[in-house]
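Novice: Knowing the structure of chain A, use the given hints to seat chain B on it.
There are 2 protein chains.
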Amino acid sequence: MLHELTIIQFTALLTNLSAMLNKAEAYAESKDFDVDVLLHSRLAPDQFDLMRQVQIVCDVAKIGVARITDTVDSTPVHEDNETSVAQLQSRINDVITQINKFSSDDLINLEDAKVALERWEGKYLTGQEFLIQCTIPNMYFHLSTAFAILRHNGVILGKDDFLGEMPYKT
Amino acid sequence: MLHELTIIQFTALLTNLSAMLNKAEAYAESKDFDVDVLLHSRLAPDQFDLMRQVQIVCDVAKIGVARITDTVDSTPVHEDNETSVAQLQSRINDVITQINKFSSDDLINLEDAKVALERWEGKYLTGQEFLIQCTIPNMYFHLSTAFAILRHNGVILGKDDFLGEMPYKT
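Sequences listed follow chains A and B, in order.
Just so you know, we're using this note's numbering here: the first sequence kicks off at 1 and counts up by one.
Just so you know, we're using this note's numbering here: the second sequence kicks off at 1 and counts up by one.
If we strip away everything but chain A, and leave its shape as in the complex, we get:
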């Protein structure tokens, strides 16, 4: 279940985010404005803009998977220097490739693992707490915020764009 909950689902969410950005680009073109306007849009003046939301979704997925595979030290760093949709798409694809280097065999025992971020000054969470209370909520929070910024600016998106296709069986 942990594999489906993380690598598989994060891959789906990143794929959905990529498709949303394509729709944003098509919308900007159809309305004859520069898509950069959307990349620098936000819902409140002290909120991160769309560009930063996308960068954070990428990092939450990448670092989340690095934590549960105990590979943080060998995980590539992204510099947050994207300036276009194309560069964001490239980063999303990089992260999809990166997290899919791991299979369910690579997942560590989360209950025994400790996650101690530098800014927590010596405190820690178990790996399971970090996943359930930090990684997954952050993943959805920033993805939903990206979606909300686009929706608010008129891009035609529905919940199916957010959820992706369901693997219905008959």
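Simulated from the structure, these hints should not be mistaken for laboratory data.
A few of these clues could be false.
Unchecked claim - List time: in silico SDA-like cross-link candidates among lysine to any residue, alpha-carbon distance up to 25 Å: (1) A:K101 with A:Q128; (2) B:K23 with A:F48; (3) A:K23 with A:I96; (4) A:K159 with B:S41; (5) B:K159 with B:D70; (6) B:K101 with B:T126; (7) B:K159 with A:D49; (8) A:K23 with B:D49; (9) A:K159 with B:I92; (10) B:K101 with B:K159; (11) B:K159 with A:E82; (12) A:K123 with B:T11; (13) A:K159 with A:N81; (14) B:K169 with A:D112; (15) B:K169 with A:K23; (16) A:K101 with A:K123; (17) A:K159 with B:K169.
Unchecked claim - To be clear about the criterion: a stretch of chain A counts as covered by chain B if any three or more of its residues have a C-beta under 8 Å from a C-beta of chain B, and this derived list gives those stretches: (18) 25–38; (19) 71–78; (20) 130–139; (21) 162–170.
What the hints assert, rightly or not - A few chain B positions that, by computed beta-carbon distances, are all more than 10 Å from chain A: (22) D32; (23) S90; (24) E111.
A virtual CB, placed ideally from N, CA and C, is assigned to each residue, including glycine.
Specialist: Structure of chain B alone, referenced to chain A:
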């Protein structure tokens, strides 16, 4: 892990939502406007308003837990007839009480379970697919949208209000 991922985490998220609504009420009071304005706010004309977002978060949690405990038929129905923050708070509390009637011993084997909603016309998902690809994403989607509506309207909220307190250890 399933218990932490669902009943425990959904309880935390509902508690955070309740606190956000308290902040919305305090903000409306401080600015001398009716909090109902916030309850009927949305980010796009064809989006559900805040009231409906809160109702949906409640239902996703309640029905999600009913599915994974195989208790859908005995789960109380809410009529979506709230008209005030106080009534929404009461519904949130009801759902917290409802989902905490179950312990980890009540959780069914999700991989063998089938979930077939009426509108899916005979198709189904496994219980695990329903949880990971439908319940959890919907929970966060509507909670984030509620948060975004409030943020956009000036209510002072930060990500800590969304995530809640982390159970740091030393």
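Novice: Next step is simple, just say for each hint if it's right about the structure.
Specialist: Each hint tested on the structure:
no. : hint               : verdict
1   : A:K101 with A:Q128 : holds, 21 Å
2   : B:K23 with A:F48   : holds, 21 Å
3   : A:K23 with A:I96   : holds, 20 Å
4   : A:K159 with B:S41  : holds, 19 Å
5   : B:K159 with B:D70  : violated, 33 Å
6   : B:K101 with B:T126 : holds, 24 Å
7   : B:K159 with A:D49  : holds, 15 Å
8   : A:K23 with B:D49   : holds, 24 Å
9   : A:K159 with B:I92  : holds, 23 Å
10  : B:K101 with B:K159 : violated, 29 Å
11  : B:K159 with A:E82  : holds, 24 Å
12  : A:K123 with B:T11  : holds, 24 Å
13  : A:K159 with A:N81  : violated, 30 Å
14  : B:K169 with A:D112 : holds, 13 Å
15  : B:K169 with A:K23  : violated, 43 Å
16  : A:K101 with A:K123 : violated, 30 Å
17  : A:K159 with B:K169 : violated, 37 Å
18  : 25–38              : violated (count 0)
19  : 71–78              : violated (count 0)
20  : 130–139            : holds (count 6)
21  : 162–170            : holds (count 8)
22  : D32                : holds, 21 Å
23  : S90                : holds, 25 Å
24  : E111               : violated, 8 Å
The structure fails hints 5, 10, 13, 15, 16, 17, 18, 19 and 24 (numbered hints given earlier, in ascending order).
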